[in-house]
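With the hints as a guide, bring both chains together as one complex.
Just so you know, the sequences run in chain order A and B. All residue numbers for the first sequence refer to numbering that gives the first Met the number 0, where the first residue is 0 and numbers rise by one. All residue numbers for the second sequence refer to numbering that gives the first Met the number 0, where the first residue is 0 and numbers rise by one.
No wet-lab data here; the hints were simulated from the structure. Computed from a predicted structure; not experimentally measured. Just so you know, not all the hints are guaranteed correct.
What the hints assert, rightly or not - Simulated pairs of lysine to aspartate or glutamate, EDC-like, Cα-Cα distance not exceeding 20 Å:
no. : chain 1 : residue 1 : chain 2 : residue 2
1   : A       : K130      : B       : D27
2   : B       : K9        : B       : D99
3   : A       : K83       : B       : E11
4   : B       : K9        : A       : D53
5   : B       : K9        : B       : E137
6   : B       : K65       : B       : E137
7   : B       : K9        : A       : E125
8   : A       : K83       : B       : E2
9   : A       : K83       : A       : E125
10  : B       : K65       : A       : D81
As the list claims (entries may be wrong) - Okay, the calculated bits of chain B under chain A, using three or more residues with CB under 8 Å as the criterion:
no. : segment
11  : 17-24
12  : 87-94
13  : 97-104
14  : 109-122
Think of the CB as a built atom: it goes at the ideal place given N, C-alpha and C, for glycine as much as any other residue.
Next come the chains, spelled out residue by residue.
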Amino acid sequence: MPAIRVLIAKPGLDGHDRGAKVIARALRDAGMEVIYTGLRQTPEMIAEAALQEDVDVVGLSILSGAHMALVPRIREMLDANDLKDVPLIIGGIIPDDDKSALTAMGVQGIFGPGTSTETIVARIQELVGAKGEASLL
Amino acid sequence: MNELITGVIKGERRAIARALTVVENERDGAEMLLAALFPHTGRAQIIGITGAPGTGKSTLVSALAKAYRAQQQTVAIIAVDPTSPFSGGAIMGDRIRMRDLAGDPGVFIRSMATRGNLGGLARASRDAIRVLDAAGFELILVETVGAGQSEVDIARTAQTTLVVEAPGLGDDVQAIKAGILEIADILVVNKADKPGADSTVSSLKAMLELGHPAAREQMVAHHGRILHVQNPAAAVEARFWLPPVLRTVASEGGGIPELMQAIAQHRAHLALDGALQSLEKQQIEIELHDRLRAALIARLLAIIPQEMLADMIARIQARTLDPHAAVQQLLAAQVSQYPDLR
Ligand SMILES: Nc1nc2c(ncn2[C@@H]2O[C@H](COP(=O)(O)OP(=O)(O)OP(=O)(O)O)[C@@H](O)[C@H]2O)c(=O)[nH]1
Ligand SMILES: [Mg+2]
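Isolated chain B (complex conformation) (with noise of 0.2 Å):
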């Protein structure tokens, strides 16, 4: 095991890809590793990229990363895919995208499938991204399912969130209800090549207006005067970042220099006043949240004997029972049997 965090502090390759496998399988050891891990990690910039399926994410992803490395910038990517719910299996063809990176010593690309977690990463991205972290790369671009809803999680996790639209697939509406737009800092339209961009570009610039709460921030900022924030640096100025629409042709590498330019700027934004401190801090609670909501289940389920459980639901099948009541029951009965729970 301390062969491991060193090798993976080291950013030995080898390393790197088992520490991945621990953590991923949540294997022993795996929170010995974490823990050895930790200090070394908050150094990396971590952007998210979500968006429907077949938007070009993994296409944007690995010209993004290209672009990064001209930079001399080391990238790790993180590539979600869905596990099938029907057989635990997956397939994961992300890297078909990113062959251009083969090679090239600066970038290590993992694979990871969502293993039944909703929200539009691993249960163990969070931590995967800690890993790659320490093994020292730069930037960490990690790539959600692109369920194209509820891809909460990424928000939760990453600096900077893209989210991506094509032309074409009927996403207007889509977008709304998805509450996809409350998660992008910046609004990607790939495939801007291809017919119909201008209509996506200008319906996501109008929802934006509509309904982004930073628009809606200055709106009252302005006493009800709806400002028009074509120009993000503008944004910054304004304290309130109104999320950029920018075209890009991800497969031929159009757009990416003012994508990263606008990725740059978002930086700086967070940058002011502490709102990265106080994104992270968010983060942290809502990690800390989640894994003591895990860890009290876990604990709990634990305890609570199997045939009470299978009477409890028994009863509240003959409605004799309501659940608000057998919750409270099953947590009095624990409590007070379990001390240590308290």
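Bound-form chain A, shown alone (with noise of 0.2 Å):
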């Protein structure tokens, strides 16, 4: 089985990188192999990047609270970038409320603060063997 591919951006204007560094460690720890893209990514860049990285996943880092503008608009992008098929998995603090709609905007991963890392993992672990299986049919 060849690594799985992760991008993790942050996009908006916050400038902690923190959280995303911790997780792009786990990742690797894991055996992933993680494309680490830095601070203030625009929707585009995120999406460009995913299509020339050919990622699994993409992981977003939002602190700014944001998030409800930010992840539509780069859900959209990567469906323009023929890349409906991946995975959009969001960390950082998002309210409960927002969760729901969330979800709609075809978010597959809401990560508080303190979800532990396995949590995370073994959710990119299962969305990609999802589609692994998918692509078999």
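Structure below.
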């Protein structure tokens, strides 16, 4: 099994990427190849990187509170790049009230502060596993 | 698969990205894909960028790509990062330094993990370069892992290899140790805005004059007189390429035009007397040997019974068999048993 490739991106204007780096390291330690693109990524940049890197999953770290504006835009850009089958997951400070709306926008994993890295790893493996089976059909 | 092949040749980005994955994962069909693309390769100019971690390779690649884009050349970038030997995973952060290139349809950036390969590139890097070459990119910039040693793969793959140094790494002796000077076509002292750049430049120059094969040949050619070739153009004339030492401030774009000029001069040098052809021939020979070795090993290990190997290992450990004799026995047994190996 080749390594799972994950793009970890930080959209929006907040300048903290500690959390994103912790996740990147945890995914690496779980045997994944993580492409880390740094701070202040626009939705266009994220979709472009996801396309070029042919990643299995895109993970966003959003602390700025702008998730309701950013997520639909990023999903839209991914779809426009023919990446409809690439799951989007997000981590950060996401109020409970927003979760069902985000899920409706196509987000396939939402991880608040304090989520164990094992949970995130397991979810990514599950998403990629499901996709792998689907493409065999 | 046919769709993928035509997509790559037409330069479609999604197809290129997928083809790179097929090649990298050595998936079914990878060989067929590469065979179909191969006739479309051989056009790109391949430039390698190597050097110790943190010297500014990615920043330099980004600055170079931007400058080549300003000349309307299309640019693909492969950035190689190390795979963790413990987990098999990797963190690849080179794109962080390449954000200036975002949104440009004439640029394609791909990160690759070494997946256990030593030598500075991934096992599939050569094939990835071919995919990008077939896709029509005029320039392919390849950033190696940056272990700072035994990065020989890049010199066996690129036409021009840049070795990047930076002041204050205590790198003087390091460079000799790593044999890195032997693979350099151009030496770049990046972070020339930092103190110590002068001494890095002069120690590199001193080492070159003493140790570089071109310098040695020159000494022979000129009856022991040491020639100081400051000007790369003069080196071209002399038919020996003595790597120039250039300063850059990649983060500000400083020294990039001069670096591009040196790259062009090296290319012109390669065009002399069929040097490019003989470089390519050498590279093909090495590649063929590598592939043959890998294929033979795989074949042999597939037919040698596990127990036979285990038994030999035990006997070697017990000192009743020596490793050389073991190899001879294995080969003799297998060749007589499997005539198709001959
Ligand atoms: N002062 C100064 N800093 C620079 C220059 N070029 C790059 N840097 C900085 O050096 C650091 C490392 O740069 P990178 O381009 O990531 O270096 P690298 O060689 O690609 O690093 P690895 O891929 O990790 O081996 C970054 O913080 C850059 O901003 C320069 O010319 N001057
Ligand atoms: Mg780098």
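Tested hints:
1. K130/A <-> D27/B: Judged against 20 Å, a Cα distance of about 18 Å means the pair holds.
2. K9/B <-> D99/B: Judged against 20 Å, a Cα distance of about 25 Å means the pair is violated.
3. K83/A <-> E11/B: holds, 17 Å
4. K9/B <-> D53/A: At roughly 18 Å apart (the allowed maximum being 20 Å), D53/A and K9/B satisfy the hint.
5. K9/B <-> E137/B: The given pair, whose Cα atoms are some 14 Å apart, holds under the 20 Å limit.
6. K65/B <-> E137/B: Between K65/B and E137/B the Cα gap is close to 14 Å, so the pair holds against 20 Å.
7. K9/B <-> E125/A: It is violated: about 35 Å lies between the C-alpha atoms, which goes past 20 Å.
8. K83/A <-> E2/B: Given that 20 Å is the threshold and the Cα spacing comes to 19 Å, the pair holds.
9. K83/A <-> E125/A: It holds: about 17 Å lies between the C-alpha atoms, which stays within 20 Å.
10. K65/B <-> D81/A: Violated. K65/B to D81/A sits at ~27 Å, over the 20 Å cutoff.
11. 17-24: Held - the segment 17-24 of chain B has 5 residues with a Cβ nearer than 8 Å to chain A, which meets the minimum of three.
12. 87-94: It holds: at least three residues are needed, and the segment 87-94 of chain B offers 7 whose Cβ sits within less than 8 Å of chain A.
13. 97-104: holds (count 3)
14. 109-122: holds (count 4)
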